[in-house]
Structure formats: C-alpha cells, structure tokens
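Visitor: These protein sequence lines map, in sequence, to chains A, B and C. Residue 1 is where the first sequence starts when you use our numbering, and the numbers rise one by one after that. Residue 337 is where the second sequence starts when you use our numbering, and the numbers rise one by one after that. Residue 735 is where the third sequence starts when you use our numbering, and the numbers rise one by one after that.
Hints were generated in silico from the structure; no laboratory data involved. Incorrect hints may have been included.
Output of the computed footprint for chain B on chain A, the stretches with three or more beta carbons under 8 angstroms from beta carbons of chain B [unchecked claim]:
1) 76-83
2) 102-113
3) 239-252
Cβ-Cβ distance ranges computed for the label pairs, FRET-style [what the hints assert, rightly or not]:
4) C:Val986 - B:Val724: 36 to 44 angstroms
5) A:Met145 - C:Ser1131: 41 to 49 angstroms
6) C:Asn959 - A:Met145: 29 to 37 angstroms
7) B:Leu520 - A:Trp175: 36 to 44 angstroms
8) B:Ala413 - C:Ser1131: 56 to 64 angstroms
9) C:Asp1156 - B:Tyr484: 39 to 47 angstroms
10) B:Ala413 - A:Glu134: 25 to 33 angstroms
11) B:Leu567 - C:Asp1156: 51 to 59 angstroms
12) A:Lys28 - B:Tyr484: 47 to 55 angstroms
13) C:Asp1068 - B:Ala619: 57 to 65 angstroms
14) C:Leu831 - B:Arg492: 47 to 55 angstroms
15) B:Thr606 - C:Val986: 53 to 61 angstroms
For every residue, glycine included, the Cβ atom is placed at its ideal position computed from N, Cα and C.
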Amino acid sequence: MIKRLLQPRWIAMVVLVGLLVASPAYLKDSPYQMAVVTGAFFYAILASSWALLAGIAGQFSFAHMALAGIGAYTAGILGRDLGTTPLQGIIAGTVLAGLVGLVIGILCLRLRAAYLALFTIAFSEILRIWLLTEFQFTEGSNGLMLDKLWEGITGVQEYYVMLGLLLGSMALMYWLASSRFGLFVRSMREDEEAASAMGVNVVRYKVLIFVITSLIVGLAGATFYHQVGIVTPNTMEILQMSLVIAMAVIGGMESLLGAAIGAFFSRVSLEMLREVGVFGFTIELGAWRYAAFGLLLIFTLRFAQNGLLYPIIDRLFMRGARKDTVAKRTLAEEET
Amino acid sequence: MTIPILWLVLAGPFWAALGAWRLPRVYRKKGLDDAPARLIGGLGGLTLGPFLLGPLWYFTPDLGRWYWGGGTGILAAFELVGLFAIMQSDNLCVTNASYVANQAANGLTIGFIYALMAVGLTLIYSVQGIISFAHGQFYMLGGYVSYYLLLFLSERFGIEVNPIVGVPVAGLVTMVVGFAFERLFLRPMHLGRVERAGEYAILITFGFGFFLQYTALAIVGPFSQKTGTYLQAGSLQLGTLVMIPNRLIAAAVGIVLIALLLYLLNRTWTGKGLRAVSMDKQAAAVTGINPLRMNTLAFGIGTMLAGMSGAALIPVFTWVPWVGMTASTRSYVIIVLGGLGSVPGALFGGLIIGLVEALGAGCYPDPSKGAAYKTAFGLIIFALMLLVRPTGLFGREP
Amino acid sequence: MTRRTAFGLVVILTIVSMLAACGPTPEPQTIVQTVEVEKTVVETVEVEVQPTRPAGETIRIGGVGPLSAPGSVVGGIAMQFAMNLAVSDINAEGGVLGKPLELIFADTEGLPERGAAAAERLITENGVVAITGEYHSAVGLAELEVCHEYGVPCLFSETWSDAITEAGYMEVFRIAPASSMNSRATAEWFAAVGVENVVSIVENTDYGIGQDEADQGFYEELGINSQEVFFVELGTEDFLPILTRIQALDPVPDAIRVAVTGETSFNLEQQMAELGIAPSEDTIGTANQVAIQPEFWESVPNGAYYVFSLVGLPPSLYNDTTTHVAEAYSAQFDSDPPSYALEAYDSIWILADAIERAGTTESTALIDALEDTDITLAQGRYYFEYTSKNPLPDNGSVPAYMWHQWPDPAVLLLQYFEPNQDWKDAAVIWPEVYQTHGTTYIVPGTTP
C-alpha cells in the first residue's frame, strides 16, 4: 500500500492538490489574482469535461458555454422570480442543463460527429439570440444579476468552492473514464461498429456521457456565475467556446488533467498577456493574442496531437500505458 | 373562424387516436406488415380526420404509401399556414399579397448569394468527407482581398474599377491559401498520419479559421470597410416589387458561378474525377485518378467559391473581420438542409433559407422581434431537418 | 522522431517562447509615462500585478473601456488615446499635487463581469484614486457597484443609460448625456418639424433598448405616434425584411429613428437609403451618431440628407482645448475626435482638478471636491448641479438621473446635404441657437 502511494503519480497528485489548497495563503491579499485563479478553475472544469466528451468519447460539442449559461440563467431567473436560494437555483440549473443535454444527445448522437458540432453551434446561437431578444424576461445584454452564494462570502471561500468543484468533477470524470463505462466509451470512439457488435448500446452510452458532462458544466456554470454576480448572453459567444476548445487541445484532448492544466494556464496567461512590456513600452496585444493562440492550436494539433502537456503527464501518470500505440506508430513510420 | 380551431383542438386528437388504433387492424386484415400503420393512421387522423382516414382505410395500402412519402409534409405545411392565417388574421402576410411577394423576391435574391458560399462548403464535404469550419473566414478574406485590391489600384494608379473585378482576384488568392492549408494540414490526415481523423479535421479547420479571423482583426482593426457599389442606382421597381439592383448583381454573380461549377463537375474530366472521388475513393484510384490531388483541388475550389462570394458581397454589405461568423453558421444550416455533399442541394438549401429568413422575419407575429430572430429561423429549420430527415433534401447518408 | 515532427515541435516551442517572452518587464515600477502619438504603441499598463504601491511616486487614475471583442473596440481605443493625451498634458504642466499622474487602463471586453473585475483590480491592486471612462452602459452598471463598495469615485465619461446616475451613489459622476437627454433633443426636434408617426429601429442591447425606452416617454409627452419598433440583432446584414414591412406601412412614417451602432447601422442606413425609404421627401431618415466616422461614406454612399446627433460642440464653437485634442486625435487616427474621445480627455482633467483642489487623494475629500467642480474644458463648462450640497428635490420635479450628472452636455442634430460631405460641413439644424444654415430641416433634393 505504502509502496503504491509512493509512485510518482500519487506524489505528483498530492503536491498539485496541496499547492492548490495552500495557495490562498499567498493570494489572499489580492482579490483580483484570487478572482483570476478562481475563474481559471471554472475554465479548467469546462475544458476537462469537454476533453472527456470530445477527446475520450469522440463527441464534438460546441454547446459547453451555452449549457453553463443555461445553468446560470436558470438559477438566476428562479432566484429573481421565485426567490429560491442560490443552492436551490444551482440544483435546478444543473438539472435543466442535464435535460437540455439529454435532448441534444437524443437528437444528434445517432448521426456523425460533424452533425453534433454543427447542431451545437446552431443551438448556442439560438440561445444567445433568444436571451438577447427577450430582454423583458432575461435582462438582455444588461446581464442577469445573481446573488452571492451566501451572505458575506469571501474571495477565499469562493476559491475553495470552485476548487472543490474542480476536484470533485475531476474525480468523477476520472472514475468514469477508468470504469467499465469508460472502456465502452473508448471502444465506441475507436470503432463504433465493432463496439456495437460486441453488445455495447452505442447510442445510449453516447447520450449518457453527453448528459453527464452537461450536468457537470451546468453545475459549474450556475455556481461560477453566482460568484461573479452577473451573467450576460455574450458569454455564450462562439469565441468563448473556441477558447475553451483551444485550451483543451493545447493541454491535451485525451487527458482530463492535461486539458484542465492547459485551461488553467491559458486563462491566466491570456489575462496577464493583455499588454506586453518591451523596453519600458507597452504594446497592446489585443487581437494578436488570439491570433497566436489560433496558430498555437493548429500547430499543436498537427505536430503534438496529444497536447503540449502530454509528455509530462505521460511520464508521471501513464507510464507504459500506451505501448501498443507506440508500437503502432513505429510500424507506420517504418512503412513510410 | 372558431370552427377550424375547435377542429384542431378537440376533433384532431380524437381522429388521431382512432386512426392509430384502427388502421393497423386494417393492414393486418389485408395481410400486410402493419409496422408503419400506426403512425400513418395517427398523422392522417390528426391532419384531416375522417376526410383522410376514410380513403386511407379503403385504398390501403396504396394511399398509405403515397401519404407517407410526401403527403405528410405537404399537409402539415398546409395546416400550419392555415393555422397561422386563422390565428394571425390581421398579419400583413395574410392580408397583403404583394407584401408577401416582395419579401419572397428579396428572400430568393439573397438566397442565391447564400447558396454560392454554401456550395463551396458542400463540395469540400463531398470530396474530402470533412466540414471546413474555416469557411466563413475564407469568405471574410475574399472580401478583404477585393477591398485592398481596389484600394491599391485607386491609390497607386488612380484607376477606379468596378468591384466586380475583385471577384476573380479574390477567388485566386483564397484558392491559393486554401491549397496551401490543404497541403500542409489536411493531406497528412488523408495519408493516415493523424490519429482520429474526424476530430482532427474539425479542430484543424476551426483553429485555422480562428487564426485567420484574429489575424485580420489585428491587421485591419475593428473599423468597418466597404468597396464602392456595383451601380450608382437607387431601388428598382418591378410592378409591386421593389428590389435593390446591387443585390441583384451579387445574386447574378452567384448564379453564374454556380452554373460554372455545375458545368465543371458534369462536363469536364477534372469535374468527373472530383465526382468519382466523392463517390468511391478506391474505385477512383483504380481508374488512375489521384484522390489526394482531387482532395486538394476540391478544397481549393471550395475556398475559392467562399472568397468569391465574399468579394461579390463586399460592395453590398459592410465588412468587418468577424463578418464570417454568421455567414458560416448559415452555410452549415444550408448544406445540412440540402444534404451534405450535394451541390444542387446547397443551391436549394440557400434559396429555402433565404425565403425562410425573409418570410420568418416578415411574418413573425410580434413584428418588433421578427428581425432579431432572423438567423434563428434558419437554425430552427436546421434542427427540424435533423430530427425528421438528417440526410437533407438531396443527401446520401446520415 | 521524424524530421516533420521535429520541425513541428520547433515551431510550437517558438510560439510558446514568443508568448513567454512577453512576460513582465523587469521593473515595472520604473515605467515612466510617455505617450507615442505617432504610433499605435499606446502607453503603459502594468503587466504584473502587485500590491498597492506606497504613495509618493505617482498619482494613479484608473481607466476602463473595451479594448477587445465583444466590446466596441473602436470606442475603447479612442478613449484610451484621449486619456493618455490628457495625462501627458497634465504632466507637462507639472502633474498634480507636485506628482506625476499615471493612467492605468483596463480592458473590459464589453462584458459586465470583466468590467467589475477590472474595476476591482484597479482599486485593490493598482491603488487608483479614481476610475473614469467606460463605453458600454451594461458594463458601467456593474462597475459602479464596485466603486460604491470601495467608496472610490467613478466618473463615467460615455455611458448613457439613465440608470447609471439614477443609482444615486455618492461615488458616481457622469459627464456624458443620459439617454433621456439624448432622446429629448431628437424628440423635440421631431415635434418642431411636425413629425406625427415615427418608426424606430433599435439594436437589442442595453444601448438600443435604453434609448428606445427614453424615446417612447418623450413621444408620448409630445404627442408623437410611435408606429412600430423593430429590435435587431447586432451583426445583421440584410435588413430588407424590416424595410419591406416599413414600405407596407400605412400611413407612411414621417421619420425613422435609428438606434443601432457600428457596421450594423451602416448596413441598415445604406439599404434604407438605397430603397428610397428614408431620407426621402416623405420620411426623415436619422442615422446613428457613428455617422461622423470617416467610414460612413464608404459604407453608406447614398447617405446624403441623413440627420444624426452629435454630443458636444459644433466645430465652429471649438475652444482652444477642443482644437488641441482634435489635432492630436486626427494625427493619430486620421479622423475627427468623436464625443467619447473628448469626454475621456476632459474626464482626466476633471479628476486632476478635483485632486488638486482637495489637496489629497483620499476618496471622501475627492468626492467632495468633485461635487464642487467648475472647469471649462474641451466640451464646455463642467459642473454638477444636484449633489449632496444641493440634493434632488423630493417632489420628483427633477428626474433622478440628474444626480451627479453634468446638466449641460450639448446634443446637436446635424444633417448631411451632399454626398461625401465632411461632418464638419454638415448643417447644424437643432437646437435653434446653434443653427448654421438657418433651417430646422433640409428636405432631400434641396440645398440650404
């Protein structure tokens, strides 16, 4: 037992979690840095659940931001009109996001991957337009105000709430990915027909995983926007979703941890790289930031498909787990 | 007026239940497979009640087959229009025929423009089997190429040319960019050097589009731009129709280019090669067609068409770096509607979306919000299509 | 590892190191405020966030505005430029309280939550003594809560929503016109030229909706009939469905009011003019205030006879300060300063003036000094009529948005009467005191 715990993966895990738990001690003098890091946790949840959906289950969805928005708007509107507490609102928001995920799943998952991508883009757009246009109900672009999670919540508490959500959802997703369920899902991605021939009910599992990620995202969205205090339709723009996808890919689409870490650092660096100091002058990076991000995304995809963090994570966590892939690759390279 | 409503609310469900219950028995009695009978009976009862159930009963199975083949859609559309006319009896779309004609004419005009862009996207899909998520950005690029070409000509040489000149040049530039992108990033996928090709294709095109859009934003800035119009003219009055001539010219460009593409695909060797690859890669390779070259060619032609539609539209609409976003979403809707990979399908899809957007915005019960939902109407059609017939109008496989 | 993969890794590493090299400068504290007017290398915001610096070196003012999408980047850039110009002008005259002034400008992206975070960062991290700027009302409404929470004065220079000053906070001041003040000018002009039926086309954002609400109030008051209101989504290109509906209206509307911004407004205005709906002999066409931008004529070649509003003074009434800002602005952007640039410039001066009079940067004293503001700058003479010393009357005779609101922002109506006309040559038609061509409306097809 002790020997098992001394494996590098466990040591790394403990160090990482320890650092995250301890860091408010250093950040607490700076509400802004604390908020940036808390926000980065939110993006880490989005990116890692997207990695579970796209990277591991092979379902390409653009609706993650929209589902997070559904969670937040449901919680906010219930709180405003029915006077529910934030907790009740968050539960309702999570459930509704899950239901919407269920409907999208049933609609699209019989079809090829591209259909899901197209449909979810369309869905996010419809939702955004609806939220903007029915402003009498949704407050439109002014944004919907949400109460704080509880009276007098501090930045440190918010940090721990989001960290807890991140760790919880990561644990859930890792458990899922490593269980029998995860095995089925992976087998479906590799070869759907074979999986179905082996008796895996493909569509049902696809829908199930879509619903689970929708629930996670809805929960994270409802909680996060309760902390921010306001949610606007613009958060559902495709741009925001693009950033989540880019983060997950750069971090490593097939690794939940890679995607989460990628999202965390991308978010923090995008925040810090607004302006760049060169010899005392400041250059507004503005759009160039995103252009470089796009370039990084396509080169990562082309030349390091498992993400930039993959080598590190692989060494720490997955040693030897992919010998067959390596063997296949060498074979392919010998051929060419 | 209340009678039809009563019919729909009260009698409809009754006849539907009756049809769903009894029709399978009629099938069985005649010794037929009763699998579709319940649905046919239910729908038939709901739409026309005894007037349809009676003949269905009597002429089974001949009428049932016809009804299932296309009758449902036509009847449902008929019912919906009727219901709309009853509920919204003072809506302009019900009371004013020339208004409807005007909206429809404008919708069809812009439909041709939408179709031009979607045709390129569907061509790429038919040959490569992927959807290019950078299509809108190629469209944006085409517009800017035309703009800066005209600007360069007028500032450097003092030549003012008609913006139509920009169309072929923009097509050329976007085609070259498309070729380069295909060779660098998509060919490795076709050579099997990339794991999980499907997701790779979505992501790599998406990432490239992202890159193009923000590079354009960084270079051009957020300021809007536009070339001169094709003609210095006001509106064109044709009977009760009022049209914008500049827009008609852009639509004409669309028609000509689509006609040229159809000619290329159906009458030339290259086009036949493209079609052959789209039908069966292996078989095409056996007959000496190089599928890789056809892939590159298809992608280049696709991006060229996107660029040309951008160049054709920049005299009509104001250009900003994010102009491709809505346009590409609309193209996705169109190609799914028409059937992924079908060029005529994309043409029809474009026209339908043009019509739906115009009539939807024009007839929406709350006039103040109709226009805001313009894009949403197309998206709703898209969702319905996925639900009812994912292959689209002319599609081959779901 | 193949050569190809190696090449790819090199490319990736290059990009990463490019991003990484963009790290903080070694000693951000020593950055000296300089403004490069010729290039778009605009000045200095810190990269590294650090604890509140000991007072003594500089006095810091926070600027907020959109520098990236979905915010209106055009507005943010102009405001940032004008604020930097004001800071360098003030520092050239010896700064404030003997110390140089420093501007820290934060990007709000047009998103309320980002705006609130930016304001919080400016106050807690950068230790700014006051915040100024902002372009989007929705963002401003989120920011003012932060200002209120920390008790730091916020001077809004370009947010129009009535709700900004209606909040009634001690910390919140505004020098831009409230939506209602803007609506009043147009509505009164409509009444003066005998408009009976109005159609409004407004964007479905805080700006459009707020403007329309204010408009409707005045229409009712002045007996103007609002025939239809159309909400449109920003980014719409094709407006024919709406315009066809307007063509089918009976009676033909006397005026069309446009509250749509950016390239969307250009598309709308061009199509409206091309179809001959407005401006026409029957119908007055109003354009959004962005019609003063140089891109207007490129995008709306048929735009002659459009009426548009201008916040601020007409060029004929420019004072020395206005001319100075206008020159610097056109050297940078090759166009004339829009009102939000002039207001942003003035806002820095107003804050500097208040700090100087308060003799301290302490918030309460600063707010007190701001209430006593009386200074003439690029847009005219600034003062705040309703303050804690002269509270709003209880009986509601003065609208609530007049709290800490500069009462006199000039809202003019101008009309182009020739194609490709410079906005400075356009006729000022309203209010009557500023009229340049002696007429309240130029009927399309005629010259004044």
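Visitor: Given a hinted range of 29 to 37 angstroms, is it respected by the beta-carbon distance of C:Asn959 and A:Met145?
Guide: Cβ of C:Asn959 to Cβ of A:Met145: about 35 angstroms, so the range 29 to 37 angstroms holds.
Visitor: I want to verify a distance hint. Is the separation of the beta carbons of A:Met145 and C:Ser1131 within 41 to 49 angstroms?
Guide: The hinted range 41 to 49 angstroms is violated for A:Met145 and C:Ser1131, with Cβ atoms some 30 angstroms apart.
Visitor: Holds or violated: 36 to 44 angstroms for the Cβ distance of C:Val986 and B:Val724?
Guide: Holds, since C:Val986 and B:Val724 (Cβ atoms, about 43 angstroms apart) stay within the stated range.
Visitor: How does the segment 76-83 of chain A fare against chain B when you require at least three residues with a CB closer than 8 angstroms, holds or violated?
Guide: That given contact is violated, which follows from only 0 residues of the segment 76-83 of chain A lying within Cβ reach (below 8 angstroms) of chain B.
Visitor: Is 51 to 59 angstroms respected by the C-beta to C-beta distance linking B:Leu567 and C:Asp1156?
Guide: violated, 25 angstroms
Visitor: Between B:Leu520 and A:Trp175, does the C-beta distance stay in 36 to 44 angstroms?
Guide: About 40 angstroms separates the Cβ atoms of B:Leu520 and A:Trp175, which means 36 to 44 angstroms holds.
Visitor: Quick one: are C:Asp1156 and B:Tyr484 within 39 to 47 angstroms, going by C-beta?
Guide: The hinted range 39 to 47 angstroms is violated for C:Asp1156 and B:Tyr484, with Cβ atoms some 24 angstroms apart.
Visitor: Is 56 to 64 angstroms a correct range for the gap between the Cβ atoms of B:Ala413 and C:Ser1131?
Guide: At 59 angstroms between Cβs, range holds.
Visitor: Does the Cβ distance between A:Lys28 and B:Tyr484 fall inside 47 to 55 angstroms?
Guide: Holds: the Cβ-Cβ distance is about 52 angstroms, inside 47 to 55 angstroms.
Visitor: I want to verify a distance hint. Is the separation of the beta carbons of C:Asp1068 and B:Ala619 within 57 to 65 angstroms?
Guide: Holds, at about 60 angstroms.
Visitor: Falls inside 47 to 55 angstroms, the C-beta gap from C:Leu831 to B:Arg492?
Guide: holds, 53 angstroms
Visitor: Cβ-Cβ distance between B:Thr606 and C:Val986: within 53 to 61 angstroms?
Guide: holds, 55 angstroms
The earlier numbered hints that this structure contradicts are 1, 5, 9 and 11.
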